[in-house]
Amino acid sequence: MKELDYPFDSDYILKKKKSLKKELLNQNTNFLEKKIAILGGSTTNDIKLILELFLLNYDIKPSFYESEYNQYFQEAMFENKELDEFEPDIIFIHTSNRNITNYPTILNTSEEIDNLLHQEYQKFVGIWENLSKKYNCPIIQNNFEYPFYRLLGNKDATDIHGKTNFITRLNLEFSKYADSHNNFFINDINYQSSLYGLEKWSDQFYWHMYKYALAVPAIPLLAFNVANIIKSIYGKNKKGLVLDLDNTLWGGIVGDDGVDNIKIGKDTSEGQVYYEFQNYIKELKQMGIILNINSKNDYENAISGLEHPDGVLKKDDFVVIKANWLPKSKNMLDIANELNLGVDSLVFVDDNPAERAIINQHIPSVKTPEMKSPETYINTIDRAGFFEVTNLSKDDLKKTQMYRDNMERNKIMASFTNYDDYLKSLEMHAKIESFIPLYMARIAQLTNKSNQFNLTTKRYTQAEIEEVSKDDNYLTLYGKLEDIFGDNGVISVIIGHINKTILDIDLWIMSCRVLKRDVEKAMLDVLVKRALEKGIKEIHGYYYPTAKNGMVKDFYELQGFTKIKEDDKGNTEWILKIDKDYEPKNKLIRVEE
Amino acid sequence: MTKEEIYNALDEVFQEVFDDDEIHVNESTTADDIEDWDSLEHINLVVAVENKFGIKFNMNEVTTMKNVGEMVDIILERQQ
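Top to bottom, those sequences are chains A and B.
Residues in the first sequence are numbered consecutively from 45, following this note's numbering.
Residues in the second sequence are numbered consecutively from 40, following this note's numbering.
Worth double-checking, as some hints may not be accurate.
DSS-like, lysine-lysine: derived pairs with alpha carbons at most 30 Å apart [stated by the list, open to error]: (1) Lys105(B) with Lys442(A); (2) Lys524(A) with Lys629(A); (3) Lys95(B) with Lys244(A); (4) Lys61(A) with Lys105(B); (5) Lys255(A) with Lys91(B); (6) Lys91(B) with Lys66(A); (7) Lys91(B) with Lys60(A); (8) Lys91(B) with Lys62(A); (9) Lys544(A) with Lys597(A); (10) Lys95(B) with Lys46(A); (11) Lys597(A) with Lys468(A); (12) Lys60(A) with Lys105(B); (13) Lys105(B) with Lys359(A); (14) Lys95(B) with Lys255(A); (15) Lys91(B) with Lys61(A); (16) Lys60(A) with Lys42(B); (17) Lys46(A) with Lys91(B); (18) Lys92(A) with Lys95(B); (19) Lys91(B) with Lys92(A); (20) Lys255(A) with Lys105(B); (21) Lys105(B) with Lys244(A); (22) Lys592(A) with Lys624(A); (23) Lys95(B) with Lys621(A); (24) Lys95(B) with Lys61(A); (25) Lys105(B) with Lys92(A).
Computed far set for chain A versus chain B, every beta-carbon distance over 12 Å [unchecked claim]: (26) Leu58; (27) Gln118; (28) Gln316; (29) Asn384; (30) Gln405; (31) Val433; (32) Lys514; (33) Asp569; (34) Thr590.
Please keep in mind that the hints were generated in silico from the structure rather than gathered at the bench.
By construction, the Cβ of each residue, glycine as well, lies at the ideal position given by its N, Cα and C atoms.
With the rest of the complex left out, here is chain A (with noise of 0.2 Å):
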């Protein structure tokens, strides 16, 4: 919904919030439901119904428990029956400078300082370590805002006794926190001030009335970011960027002016925009943002554009390159297509407000946001959260080069007449065994991301994946390919859980990237033979529909099973009997367990 989306007018959304949820419940879509914990150090009412709102726009639905006013710190040390019984996915820590306990004053030692410091850090350090020892979820902490006086000036900020100084050192420690532990993430409220303009963040007014630690109107923006790192949590990123050339990448018409005249490098002030601009997009791609090109131009006009030696992109950072005259909209399909992505996740980046009009038309699942005047792309594009990082995993790092990979697999495959040998061309090796602590958050990711090979669309955080690993009712294999064209990293995952002698899959998921290499078969083998090992007879798979799985609505029949069971809404259950004459089907992947 475009009033949600950045930049958003926050009044509006304070002010319409009741009409906006009806909306957006009314909208046909698939709703991830989560059960959202918030336990605050001061009102959180507002602060609720606005992330709602946001979370309904991330098709994630949430139902919510809120602690009594300022309980935050009981609700969460001591029994809670209520919300025991709610059992939470998500925890978020609504807590402000308000809720530090004791400040320095300007008679302490230093010593008394540190010790004041390291109490106030314990005593939120206590609250994390009992929460995710009783609800094993996510957490999410805010950190601190600056404060709204400064006693000694802009001394409180070097010396020990200012509020400024041991703010900033206790966001230290709550971010060293953050660094060693899993699952639990600070909403960086301080940045988010800042960036607001901490004078009106703090107005005092809408404490000393309601008792709200932050003004009402900066609610929204806190809220947007709660919902960027629960929807990044749940693997709803976006993957890729499409990026128009012309007066988007640089300044000008390369067609038109020639490439010695478009506006690109630091010669120039123009220039020098898109010249941070590139330089921002090449950031994203090695955090593993997929970059493409979707242009109005001739295929070697475009490229002249990329070797233009004062630019920072090149050919090479982009994956998938459409420079043609085509419409934009069917270019964008086709990128899709050829990533193999679903096209909701990629973002259209373009200067031509007519251009963005017509994806939003064709394909409205598209996120075109609009770029104003040059100097702005960069805020446009970063203030939005599309990718904002929560988990970054190895594999996250090598992305451009393993769709690369995938598209050089694609130009050989074209010269096979039998699949089998281009199969075997690929020299294909694949390391298939039980969860280990390596891979735990890309597993996580996955379980997260996978929305079309994914039989059950269970959705795991990574604490439950490290709890099913060491639970012995529960059978777990992860897969990871190699072939000649490079490391494909952890594609698929299987979880089943051991109920005597059967075996029920509860997740059986792959990624897209390398459909059709007999991976499942390899996985299908060593999963037979795991089971046998433990005494398994029958292997029951599982199949729910959903808008984006239908690719594998008869998987389990081409892998030998046999349905049982099938109710009204598709749903389906299937069954494999498995004895020591198990026929292994994979005959292409060398296999190392």
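Start from chain A and add chain B according to the hints.
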């Protein structure tokens, strides 16, 4: 703005905040007359009214305002 214009503008704000097109306020309207008008929603109403008229209420006004009539008096006063 005349008093009448202010009441019309206020109707709009109330209708939006409480998501009910039937709401019409007059000088004696109070929180008791509108179902969703509780202390938590009061703040949103105050912020929306402030934005609509480009004014700021002070703390004393927000706490002592007894009905819509008094709100209108403050708006009129601020406009002069």
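Using Cβ atoms and 12 Å as the threshold, tell me whether Lys514(A) really stays out of contact range of chain B.
Its Cβ never comes within 12 Å of chain B, the nearest being 44 Å, so this holds.
For Lys597(A) and Lys468(A), compute the direct alpha-carbon distance and say whether it is at most 30 Å.
holds (27 Å)
Restraint status (C-alpha distance of Lys95(B) to Lys46(A) at most 30 Å):
Judged against 30 Å, a Cα distance of about 29 Å means the pair holds.
For the pair we were handed, Lys91(B) and Lys66(A), check the Cα-Cα distance against 30 Å.
holds (23 Å)
Can you confirm whether the C-alpha distance between Lys255(A) and Lys91(B) stays at or below 30 Å?
holds (24 Å)
Tell me if the straight-line CA distance from Lys524(A) to Lys629(A) falls inside 30 Å.
Roughly 18 Å separates the two Cα atoms, so the pair holds.
12 Å Cβ clearance of Asn384(A) from chain B
Correct as stated: the minimum Cβ-Cβ distance to chain B is 43 Å, above 12 Å.
Given pair status - Lys61(A), Lys95(B), alpha carbons within 30 Å
Holds, because 22 Å separates the two Cα atoms, which is no more than 30 Å.
CA of Lys46(A) to CA of Lys91(B), is that 30 Å or under?
Within the cut-off at roughly 22 Å; holds.
Given pair status - Lys105(B), Lys60(A), alpha carbons within 30 Å
Roughly 24 Å separates the two Cα atoms, so the pair holds.
Would you mind confirming whether the straight-line C-alpha gap from Lys105(B) to Lys244(A) stays at or under 30 Å?
holds (28 Å)
Is it the case that Gln118(A) keeps its Cβ farther than 12 Å from each residue Cβ in chain B?
holds (21 Å)
Violated hints, listed in ascending order, are 1, 13, 22, 23, 26; each of the other numbered hints is respected by the structure.
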